[in-house]
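Trainee: Whole structure, please, built from the sequences with the hints as guidance.
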Amino acid sequence: MADLTPVAAWTEEDVRHLGRRAGFGLSPAEAAGLATQPPAAAVDAWVDGTGIDRALYDEVLASRADPVTEPQRNAASGVAGAVTVPAVPGPHRYLVDGGEAWRNDLARGQASWAFRMQYSPHAFAERMALFWHNLFATGHDKVNNVALMLGQVELLRLHGLDRFDDLHAAVSKDPAMCIWLDSVLNNARGSSVPNENYAREALELYSLGADNGYNQQDITELARALSGWSFTVSAAQLVSNPANPPQKVASGGNFRVYDGSTNPDVATWNLQTRATLPSMHGSGMATFLGRTFDLEAAPPPGMAKGEDVLRSIASSRAPQCAQFLARRLATHFVTADFTAADLADLASLVEAQSFDLRAVMKALLKSRWFHDPANRFALAEGPVSWVVRAARSLGMTLAQADGASPRGFPAWALVVSPYLDLAGMKLLDPSGPNGWKEDRAWLNSNTMRYRTKLAAALALGETATSQGVTHVLFPTSVADWFPAASPAPATPQDVFDRLAALIQPAPIAAGVRDAWLAGLWPGAFAWDASAATQNKVRQLAYEMLCSPAAQLY
Amino acid sequence: MITRRRFLQGAGAAGAAALGAQACGGMRGGLGAPPIARPAAPILVVVDVDGGNDWLNVLPPTSGPNRIAYDTLRPTLGLPASGLADLGSGVGMNPDFGAMVDLYTRGRLALVTGVGMKSPNLSHFVSIDYWGQGAASPDGTGWLGRLADQAFSPTGDVLRGLTVTSDLPVMLRGSSRSFVSITGASGYVYPSPLRSSGRLGAPWDSTLLETAFGVAVGSAAPDPASAAGYAAGALAGKMFLDAQNGFGVDGALPARTPSVLYPGDAGYPLTRLNGGALSTGLANQLKLVARMIAADIPAQIYFTRMGGFDTHANQAVDHPNLLRALGGAVNSFYDDLAGVSTSQGNAQDRVVVMAWSEFGRRVRENNGGTDHGTAGLSFFVGRAVKGGLYGAYPDLTDLDNGNMRFTTDFRSLYATVLERWLGRTAAETDAILGAAYPRLDFLAA
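For the record, the sequence lines run as chains Z and G. Counted from 1, the first sequence has number 368 at position 368 by the numbering used here; the numbering is strictly sequential. Counted from 1, the second sequence has number 66 at position 66 by the numbering used here; the numbering is strictly sequential.
Everything labelled a hint here was simulated from the structure, so no lab data went into it. Bear in mind that the values here come from a model prediction, so they are computed numbers and not experimental data. If a hint is listed, it holds; no wrong ones were tucked in.
Computed footprint of chain G on chain Z, listed as stretches where at least three residues anywhere in the stretch have a Cβ under 8 Å from a Cβ of chain G:
1. 366-375
2. 436-444
3. 510-516
4. 539-545
By construction, the Cβ of each residue, glycine as well, lies at the ideal position given by its N, Cα and C atoms.
Mentor: Shown next as structure tokens:
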């Protein structure tokens with residue numbers, strides 16, 4: 001039984017748990033502040049993002065987020081009109097979307113999102129986007145367009161708390177998704193055999209789960225209903241590489257059903273100039289999940305052709321869809337060791353809230369089940385949120401970083417690739433549409449190895465040189481970890497406790513703690529600002545980040 | 001070692017036709033030189049052909065009712081029989097499988113067609129899960145993981161099973177044992193900085209830090225809520241720590257230059273259809289495996305993976321490119337091992353490659369591609385392999401809802417490998433798989 005009734009009161013421990021699971025951690029001061037507020041109102045504000053000052057974040061994001069210089073791009077030889085594109089000195093924004101989409105640099109796209117996760121004042125929106133990115137897993141390897149990938153993330157950010165059927169339909173129309181699972185090539189006109197790729201995963205991976213209320217015939221019929229789903233590109237969305245003008249890339253796209261109608265934009269999805277869209281949408285009747293639809297009838301108002309078929313999943317198979325969502329939400333936010341009864345309770349909540357994800361998440365994050373101490377640190381954390389949370393807890397605040405000289409933003413562009421991949425999660429580029437297995441599947445010898453390497457960068461002040469400039473990968477200051485306003489540590493255990501309050505590992509056995517502290521401070525303890533003391537503190541932070549306890553959240 | 005001329009002959013369509021002339025007349029086993037006996041220290045290299053390989057376009061039918069059905073259902077993607085290397089029995093090999101044609105005529109390639117399971121699920125993920133578990137009654141562990149449970153030392157044998165993928169596939173998951181994952185040849189060491197290999201130096205105390213990590217991964221959680229997660233992290237960390245010095249000084253394998261070219265290397269004779277270099281993913285993994293074998297890493301099992309076979313669209317371009325990279329990488333690896341001496345004998349004598357894919361694809365093509373299907377192709381390469389065609393070719397005129405009916409249970413492959421290659425007794429083999437599955441004769445009893 002999952003007790004989904006709301007908690008009436010909470011502690012700082014509860015608040016920190018909320019911060020870890022539904023954000024990327026809270027500082028000790030933030031946790032203390034939130035704990036004084038009533039849980040219901042605080043969770044509502046956490047989910048809705050109300051009462052947040054976004055001004056500095058928006059300003060930094062627009063003009064100076066990436067401290068790593070973009071190198072000069074030399075003109076391609078033999079291409080008429082090609083020009084050399086000068087280097088872009090840092091700091092600047094990430095140069096992967098809008099008019100800069102031609103750069104199409106996955107690492108900078110990953111860095112751009114990591115930066116947002118680290119500094120967004122509405123961390124929950126980024127956490128939900130990361131959750132949905134794992135569920136609607138779409139990969140740059142095939143889409144080959146970072147602007148479209150980030151466009152999908154923005155969709156998840158903006159609509160991740162809509163009704164599930166709305167979100168499912170929106171993702172199905174998303175340009176990156178249309179490329180990823182071949183919707184753009186799904187032609188069911190006349191005797192053409194439809195491409196089942198998207199229809200299968202729309203059921204198996206994105207709404208119901210394998211073998212959960214549908215059969216092969218339903219897949220084929222859904223593929224026919226969604227045939228022709230694609231997008232067009234407007235003149236404003238079409239971007240040329242200034243160093244190689246014939247090379248164009250779409251910085252965005254507009255959903256269309258390719259049904260022989262006039263193209264309102266200048267280009268098709270694959271950037272061909274066509275005044276008329278190809279005719280790919282299927283005809284006749286489709287029987288899907290026991291209901292019959294006329295593919296040639298005018299769709300219901302506000303819907304595209306075939307959309308009513310897709311949307312019928314959540315109504316025709318409501319219990320299965322709710323169960324599917326419950327399983328994923330439980331595994332990501334609460335525990336992977338749920339019982340069948342827990343799952344049924346959460347699924348009932350999803351159905352009772354009519355698949356309204358905002359209402360579901362608010363109820364879940366207020367619930368006694370979520371806050372049960374038995375679920376605290378019961379999940380292994382994925383490597384992206386792990387490294388983001390560590391960067392938040394040990395790095396500078398946005399205002400501090402923006403005011404520092406040089407600016408104190410992490411050099412995410414030098415961290416993300418290939419190290420997130422090697423740590424087990426290649427952000428924006430999963431190897432398949434099933435995303436990544438969560439919880440303890442995150443942990444193996446290789447991913448632990450790369451977590452310890454990331455820990456070195458996070459705790460030990462590692463530097464790297466790019467374009468002649470040496471960057472601290474994660475700018476940190478031991479003085480910030482031990483503010484002057486707080487009492488100076490009197491014992492090694494005070495140092496440990498302070499770092500544990502920042503890093504928030506799962507409980508660490510006293511024997512482990514004592515062995516670490518005895519190793520670092522074998523003699524008398526004295527707190528001072530010397531490099532020797534600071535290096536001991538950094539090594540303790542490193543030991544903590546590498547420990548099995550710090551992989552849990 | 002194979003000569004360049006012979007290689008090209010094997011790869012080209014003209015060469016393939018010439019080989020077909022030699023090969024026709026029913027090649028069910030007994031090709032080329034006789035297989036060698038099982039070596040004292042056998043090594044299994046698993047190749048996961050990920051995405052569902054459209055093997056009907058690797059080994060198309062060349063004659064009879066199957067050919068008629070193939071022509072009907074593959075009007076644009078079907079390959080003309082005239083361009084195939086004739087393997088006999090009404091089966092031909094796609095010349096884009098390149099060097100594998102040559103390996104076949106040398107008698108070192110066994111092809112098992114129609115491999116599958118009852119009540120096949122057309123999902124990649126469910127199918128991969130079943131293939132990985134490989135049990136009569138799946139329980140979440142993998143068949144090679146259960147081999148490790150049964151055969152590996154509970155406290156040692158850290159490097160006996162390795163994957164060169166960054167994940168830990170379900171196939172390798174045991175109830176008490178796990179496989180080490182290694183994706184690079186240098187810097188397998190703790191503590192180490194992010195962006196460079198080697199051990200952390202001053203001002204950091206690497207000895208102290210390594211001791212501290214050992215204490216943490218040798219411990220348990222003090223509270224029940226985090227106990228299972230802590231144990232999982234501790235196991236992973238301990239395997240990393242225990243394995244690190246097995247990979248040479250400061251975690252760096254000795255350098256090695258492959259003795260042959262691999263797909264994607266400059267000068268490799270095959271390219272993509274458009275002239276570009278072939279993908280190097282599997283080639284790099286197999287180079288790393290060869291390097292580990294040459295370094296006498298005591299591994300008995302290596303796991304590799306090549307993705308991209310989910311050819312729903314653009315198959316006429318993508319699939320040939322994939323086959324060239326797959327066939328080329330496996331053949332280069334086999335040839336590369338010929339000159340490698342290990343403490344347990346010649347490396348080529350010690351290795352069998354086992355390639356599998358989660359399913360074959362739909363017989364009827366869609367618009368430019370093929371959708372998910374059922375029965376698949378597995379193949380085995382090695383000096384101990386008795387080359388030829390195994391399993392029955394599915395009847396393309398008797399489809400089940402458009403899909404092939406399987407003819408060989410996938411667990412028969414595992415039973416054969418466990419008993420006839422990895423040296424488990426019949427009883428041990430059946431215990432790992434949960435039932436007795438028929439053994440196939442591509443390996444000698």
